[in-house]
Amino acid sequence: MKFNRNLKSFLILLAVLIVFYAAGPQFYSNGAFFETLAVFMILSLSFNLIYGFTGYLPFGYAAFFAIGAYGFGIGIIRNFGLVQSILMGGLFSLALGLIFSPMLKLRGAYFAIANLAAFEGVYYIISNQSLASITRGPYGISTSSVYNFQQTYWVSIGVLIFVVILTYLFRISNFGLALKAIRDDPLVASLSGINVGLYRSIAWLTSALFAGFSGAMFGWFLSFFYPESVFSINYSLFAIVFTIFGGAGTLIGPILGTGFLYTIYYSVGLFYPLYFTLIFGVLVILLILFLPEGLKKIISKYLKWEML
Amino acid sequence: MLKINDLVCGYGNLNIIKGISFELGANEIKVLLSLNGGGKTTLLKCLSGLIPTKGGKITLEGKDISNSSPRERVKAGMLYIPEWGIFPSLTIRENLILASSATRQRGNSDISSTLEYFPDLKNRLSEKAASLSGGQRKILMLAMAVASGSKLLLLDEPSSGLSPAYVDRVLDTVKMLKEKGMTFLIAEQNTSFSEISDELILVELGNIASRGKYEELRKNDEIKRKFFSL
Amino acid sequence: MDALILYALFVGIIIGLYYAMMAVGLNLVFGVLKIINLAHGDFIMLAAYLAFWLYFLFGISPLLSLLVVVPVFFLVGVLLYYTMVKGLLKKKDIETTSIVAFFGLSIAIESAAALGFGNSYRSLPLNFLPLTYVDFLGFSLSVVLLFVAAISIIVLFLLFYYLNRTKGGLSVRAMMSDEETARAFGLNVNRIYATTIGLGIAVTAVAGVFSPYLLGAIYPSEGGLITIIAFSVIIIGSLGNPAATVIGGLVYGVIINIMDIYSPGWGNAVTFIILVIIILIRPNGLVGGRVREI
Amino acid sequence: MLVTKGIWKNFGKLSALKDVNIEFKEKGIIAIIGPNGAGKTTLVNVITGALREDSGKINLDGKEINRLPPHARIRMGISRTFQIPRPFSNLTVLENIRIGSLFSGNSNKREIEEDTERIMKLLGIKSIEGKQAGKLNTEERRLVDLGRALASRPKYIFIDEMGAGLAEGEVISLSKLIKKIQIEEEMSLIYVGHVMKLVKELESPVAVFSEGSPIFQGSFEEVISNDEIIKLYLGDRYAKN
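As you go down the protein sequences, you meet chains A, B, C and D in turn.
For the first sequence, position 36 (counting from the first letter as 1) is numbered 226 according to our numbering, and the numbering increases by one without interruption.
For the second sequence, position 61 (counting from the first letter as 1) is numbered 562 according to our numbering, and the numbering increases by one without interruption.
For the third sequence, position 60 (counting from the first letter as 1) is numbered 244 according to our numbering, and the numbering increases by one without interruption.
For the fourth sequence, position 109 (counting from the first letter as 1) is numbered 110 according to our numbering, and the numbering increases by one without interruption.
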C-alpha cells in the first residue's frame with residue numbers, strides 16, 4: 191500500500207522532470223539555465239546520498255565535482271573519446287572517494303574539516319605548475335572540441351534521471367533503512383548486525399561517482415575551465431543548501447530545493463549581479479535559522495504528506 | 502516554603518506535567534515517585550526554571566517565582582541538581598568554588614566550611630571531578646549544594662546507577678543535611694528515600710495519583726500493586 | 185644541524201605562535217558553544233581592513249589601532265551572539281546547522297567586503313617599527329615577525345590568565361564542561377556565551393591586524409583559506425581545548441615554514457595532505473585522547 | 002556455550018577487567034551484579050564487540066570470536082540492550098524491530114516479518130508500531146531497545162541495567178517479562194545491573210563482580226547471606242542484620 195503510493199509518486203516525479211526539461215527551453219530560451227540547473231540537481235542528489243542518508247557533511251564535496259570535470263577534460267585533451275571521457279569523470283571522482291574514504295571514521299566537525307582540508311590539497315595538486323603536462327596546471331582545460339549543447343543537455347538529463355532512480359532505490363530499500371539506522375546511532379546499528387563501514391562506503395562511493403558525473407557534465411558544458419572555475423567551495427555550498435532547503439534524506443527534496451533556490455540565485459545574478467552572492471549568503475542564514483528542516487517539514491506539517 | 506499551584510509544563514506543545522499542586526514546608530523531605538519514568542525530571546526542571554512554566558504558579562517563601570529565570574531561583578535559595586550535576590572537566594575545588602559563588606554576588610567563596618562535612622573530598626581538591634567514581638560524584642553534588650548555601654534542594658535520582666553501599670552514603674548525607682536545616686524535594690525510586698520522607702508524592706501521567714506517608718500508602722492495595730508490589 | 189634547518193625551525197616557531205593566536209578564538213567558541221564558526225577567517229579579513237583603513241586614512245599604526253579594533257570586534261561578537269547564534273543554539277543538530285549558517289555568513293561577509301573595499305590587494309607598512317631586519321644565523325630575520333610573536337604571546341597569556349585564574353573564566357570553563365549543570369547553578373548563560381564569542385572574535389581580530397605580515401596581502405576573499413588553516417591548527421592541537429591550540433599552532437608553523445623553504449611549489453598541497461593525515465591518525469589532536477570509533 | 006578466557010581491559014592506568022574467566026550456559030538466566038566500576042558494562046562491551054579487549058579470548062561454541070566486528074557477532078547470536086535505551090529515533094517502532102531481524106543473517110522475508118510481529122506482540126508494542134521512536138516515552142523506548150535486540154534471534158542476550166529508575170511495581174512486571182522472554186524465545190539471558198529487587202525476582206544464579214573480575218557465583222540467597230559480599234556491595238548497615 192505504502193509501497194504503491196511511493197511508486198506512484200516516483201513515476202509522477204519522473205514524468206514531471208522529463209516534461210520540465212523537454213518543454214522548459216521552449217518557453218525560456220536560455221538553455222544554459224536549464225543545463226546548469228540539471229547539473230546542480232545531479233550534484234544535490236549525489237550529495238544527498240551521503241548527507242541525507244548517512245549524516246556526513248562533506249564541506250569539500252566540490253572536490254568530487256571538480257575532479258569529475260578534470261577527469262572529463264583530461265580525457266578529452268588526450269582524445270580518449272567522448273563516452274570514455276565522461277566515464278573518466280565519474281571514475282576519477284570514484285577514485286578520489288576511495289582515497290578520501292578513511293575520513294569516514296571521523297565524525298561531525300572533524301570530518302567536515304578534514305574534508306575541507308583535503309579539498310584544498312586536491313586543488314593545489316591539480317593546479318600545480320609542475321603537473322601542467324597532465325592537468326594543464328593553472329592554465330585551464332579546453333573541451334571545446336566536443337562542444338555540442340544539445341548533446342550535453344540530453345546526456346545531463348539522462349544522468350539526472352539515473353540518479354533519481356538510484357535515490358528512489360536508496361529511499362525504499364532495506365539498504366536505505368540501514369543507512370538511516372546508521373545515521374541515528376552507528377554503534378547500535380553495528381550491534382544490530384549492520385556492517386556499518388561497508389554500508390557507509392557504498393553510500394560514499396556512489397555519491398562520489400555521481401558528483402563526478404555532474405562535474406563531467408559541467409566541464410563539457412563550460413568547454414573551457416580553470417582550476418578555480420570548478421574547485422570552488424561555492425559548489426559545496428550549492429549542494430548543501432539546496433539539499434537542506436528541500437529536505438535532506440528525501441528524493442523530492444533536493445530536486446525541489448535546487449529548482450527553487452537555483453532559480454532565485456540565477457535571477458538575482460541576472461538582475462543584481464553585484465549583490466547576488468551577498469543576498470544568497472544572507473538567504474542561507476535565514477533559511478537555517480527559520481527553516482532548518484526545509485520544505486520537507488512544511489509539507490508534512492501543512493499538507494500532511496510525507497515527502498518521498 | 503515552596504508552594505506549587507496547578508503547575509503545567511512540558512516541551513513544545515506536549516504537556517508532561519498537567520496541573521500539579523503541593524506544598525513543601527521548611528526542613529521537610531518529600532519524595533516524588535512516578536510510573537514509567539513519567540514526569541519527575543520534567544517537574545524538577547520546571548521548578549528550577551530550566552523548562553518554562555506553561556500554567557499555574559510556583560511560590561517560594563511567599564514570592565511568586567513562576568516566571569523567574571533559573572538564576573533568580575538559585576539566588577532565592579532553591580537549587581536543582583541534575584542526575585549527574587557536576588562539572589567533570591573542572592577540579593573538585595573549582596566545582597565547589599563555582600557552586601559557592603552561584604548564590605552570592607561576589608567575594609566570599611570560602612569552601613573550607615563545606616569541606617568539614619565532606620572529609621573525603623579534602624585530599625582530592627586538585628583532581629578533576631571526572632576522576633571520581635559514580636558514587637563520589639553524587640557526594641560531590643551534595644557538597645556543591647552545601648557550598649551554594651541553598652536552603653531547598655531539588656534532587657534528581659541521587660541514587661541512580663549506584664551500588665547499594667553508595668546509596669546508603671548518599672542517604673546518610675541527605676539526612677545529615679536535613680538536620681542542618683535543609684529542605685528537600687527528591688525524585689527517587691529507591692524506597693530508602695521514601696522511608697525517610699515526610700511525604701511521598703506519587704505522580705502518574707502528569708497528575709498526582711496519590712500522596713501521603715510511605716507507611717500509609719503501602720496499606721492501599723492498588724497503590725501497593727502499582728508502585729510497590731510488595 | 186645546519187643553520188638553514190635551525191633557522192627554519194626558529195621561524196616556524198615564531199609564526200606558529202601567531203597561528204596559535206589566529207586560531208585560538210575559534211577553538212574557544214567551539215569549546216564553549218559547540219558551534220563551528222566557518223566565518224572565522226572573514227573576521228581576520230575584516231579586522232585587517234579596519235587596521236588598514238585606520239592607517240591609510242588617519243596614519244594610525246597597527247599597534248595603536250588595536251585600541252579600536254579589539255573593542256569593536258568584541259562588540260561584533262556580542263552582537264553576533266544575540267542576532268544569530270542564540271537562535272542556532274535552539275536547533276536540533278547544532279553542529280550541522282551552525283556550520284551551514286556560518287557558511288552563509290562567510291559568503292555574505294566576503295561579498296559585502298568585495299562590494300565595499302573592492303578586489304584590490306592591500307597591505308600594511310613595515311616601517312611602523314624603528315628597526316626592520318636583524319641578522320640571525322646568517323639570515324636576515326624580519327623584526328616585525330618577532331614583534332608579532334611577542335604580541336601573540338601576550339594575547340595568549342592574557343586569554344589563558346582570564347580562563348584559568350578568574351571567576352569569569354571559571355564560569356566559561358564550567359559551561360564548557362556541562363551546560364545543563366551550569367544552568368542549574370544559575371550561571372548567566374547568555375552573558376557567558378556572548379562574552380565568549382566576543383572574546384574569541386576580539387582575539388581573532390588582533391591576529392587580523394597583523395595578518396598582512398604573516399598571511400600575506402589583504403583581500404576580500406582571503407577568509408575561506410584562513411578558516412581552513414585555523415581549523416587545521418585547532419584540530420592538530422585538540423578540538424574544544426583552547427590551551428592545546430598553542431601546540432597546534434607551533435606544529436603547523438614549523439611544518440608550513442619548512443615546506444615553504446624546501447619545496448615552495450608544493451608547499452600548500454603537501455601541508456594540506458599532512459593535515460588530513462594528522463586528523464586521520466589522531467582525530468582528537470596531538471593533545472587530546474582517542475576518539476571513540478564507529 | 003559462551004566462554005571468556007583471561008580477558009583484560011585497561012583504560013589508562015585503570016584495569017576495568019582483570020583476567021575475567023566466565024561461562025554462560027546455552028539456556029537460562031544469570032544475573033551479574035557488582036559495585037560501580039566493577040567492570041560489568043565493560044564486559045558486555047567487550048563480548049559484543051563494541052570495545053576491543055587488551056588480551057584474552059572469547060569463545061562461542063568452540064569458535065574464537067575476538068576478531069569479529071560487532072555486526073558479525075550479532076549473526077552468531079550475541080545481542081544486547083542498553084542501560085539508557087538507544088532505539089533509532091528517526092525510525093518507527095516497526096522499523097526498529099525489523100532492523101534487528103533484517104541484518105541478523107536471516108534472509109527469509111516471511112520469517113523476518115513473522116519475527117517482527119511476534120516480538121512486538123510479546124512486548125506489547127504492536128499498538129505503537131507506526132510511531133517514531135524519538136517520540137516515545139522512556140518505558141516504550143526501553144521495550145523497543147529490547148525488541149530490537151530480541152529480533153535478531155539471539156542465543157545470548159545481555160540486558161544492561163534495565164530496572165533503574167522504575168517503581169517497584171514496574172520492577173516486578175519487568176522481571177516477569179524477562180522470565181517470559183527467556184522461556185518463549187529459549188535463549189541465554191544475562192541481566193547486568195544493580196536493581197536488587199529485580200535480581201531477586203529473577204530467581205536465577207548470580208555472579209558478583211568486583212574490581213574487574215567475578216569474585217563469587219551462587220544463588221541470590223547465597224549472595225545475600227555472604228558477609229563479605231554484603232560489606233562490599235550493600236554496605237556495612239546490611240552486614241549487621
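The set of hints was computed from the structure by calculation and includes no laboratory data.
All residues carry an ideal CB built from backbone N, CA and C; glycine is no exception.
Mixed in with the good hints, there may be bad ones.
Cut-off 30 Å, straight-line C-alpha distance, at most; resulting in silico cross-link-like pairs (DSSO-like, lysine-lysine) [unchecked claim]:
no.	chain 1	residue 1	chain 2	residue 2
1	A	491	D	110
2	A	487	D	232
3	A	491	B	714
4	D	198	B	555
5	D	198	B	725
6	D	110	B	629
7	D	14	A	198
8	D	122	B	725
9	D	232	B	681
10	B	576	C	270
11	C	351	A	295
12	B	629	C	351
13	A	494	D	136
14	D	14	A	487
15	D	198	C	276
16	C	351	A	491
17	D	177	C	218
18	B	576	B	720
19	D	14	B	629
20	B	555	D	201
21	B	558	D	132
22	D	132	B	714
23	D	201	B	714
24	D	14	B	679
25	B	576	C	274
26	A	487	C	275
27	C	274	D	127
28	B	725	D	14
29	B	720	D	198
30	D	201	C	275
31	B	555	A	494
32	B	519	B	681
Heads up, incomplete: computed chain C residues facing chain A, CB under 7 Å, no partners named [stated by the list, open to error]:
no.	residue
33	262
34	263
35	266
36	267
37	278
38	285
39	405
40	408
>> Which constraints among the numbered hints does this structure fail? Numbers only, ascending.
In response: Per hint list: 1, 2, 3, 4, 6, 7, 11, 14, 15, 16, 17, 18, 20, 21, 22, 24, 27, 28, 30, 32, 33, 34, 35, 36, 37 and 39 violated.
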